[in-house]
Amino acid sequence: MCGIVGAVSTRNIVPVLVQGLQRLEYRGYDSCGVAVWADGLKRARSTSRVAELIAQVQSD
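The working numbering applies: residue 1 is where the sequence shown begins, and numbers increase by one.
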């Protein structure tokens, strides 16, 4: 099963996307990721929990 969260904004939308992924996380194990257009395509992916994705996004 998959869950998709999407948004369009002129501000930093990553926290909203991550929050949406966290709300879907209760469904069980799945991979997750975010992709944003900010002076070019930027993406982060994780085959683990959303918390790992958050750490990856914060380090970028």
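Hints were generated in silico from the structure; no laboratory data involved.
A virtual CB, placed ideally from N, CA and C, is assigned to each residue, including glycine.
Any given hint could be a false lead.
To be verified - Computed Cβ-Cβ distance ranges for the label pairs, DEER-style:
id: 1; residue 1: Thr-10; residue 2: Arg-49; range: 27 to 33 Å
id: 2; residue 1: Val-5; residue 2: Gln-58; range: 29 to 35 Å
id: 3; residue 1: Val-16; residue 2: Glu-52; range: 25 to 31 Å
id: 4; residue 1: Gln-22; residue 2: Asp-60; range: 17 to 23 Å
id: 5; residue 1: Ser-48; residue 2: Thr-10; range: 29 to 35 Å
id: 6; residue 1: Ile-4; residue 2: Ala-38; range: 26 to 32 Å
id: 7; residue 1: Arg-11; residue 2: Thr-47; range: 16 to 22 Å
id: 8; residue 1: Glu-52; residue 2: Thr-10; range: 24 to 30 Å
id: 9; residue 1: Thr-10; residue 2: Thr-47; range: 27 to 33 Å
id: 10; residue 1: Leu-41; residue 2: Val-16; range: 14 to 20 Å
id: 11; residue 1: Val-16; residue 2: Arg-45; range: 17 to 23 Å
Taking the hints in turn, this is what the structure says about them:
Distance hint check: the CB atoms of Thr-10 and Arg-49 are about 30 Å apart, consistent with the given range 27 to 33 Å. The supplied range of 29 to 35 Å is broken by Val-5 and Gln-58, whose beta-carbon atoms lie about 18 Å from each other. A beta carbon spacing of about 19 Å between Val-16 and Glu-52 contradicts the range 25 to 31 Å that was offered as a hint. For Gln-22 paired with Asp-60, a C-beta distance near 18 Å keeps the hint of 17 to 23 Å intact.
At about 31 Å, the CB distance of Ser-48 to Thr-10 agrees with the hint of 29 to 35 Å. At roughly 20 Å, the beta carbons of Ile-4 and Ala-38 sit outside the given window of 26 to 32 Å. Against the hinted window of 16 to 22 Å, the Cβ-Cβ separation of Arg-11 and Thr-47 comes to about 29 Å, which falls outside the hint. Restraint check, Glu-52 to Thr-10: a C-beta distance of roughly 28 Å satisfies the suggested window 24 to 30 Å.
Distance hint check: the CB atoms of Thr-10 and Thr-47 are about 31 Å apart, consistent with the given range 27 to 33 Å. Checked against the given bound of 14 to 20 Å, the beta carbons of Leu-41 and Val-16, roughly 18 Å apart, stay inside it. In this structure the hint that Val-16 and Arg-45 lie 17 to 23 Å apart at CB holds, the actual value being about 18 Å.
Of the hints listed earlier, those the structure fails to meet are numbers 2, 3, 6 and 7, in rising order.
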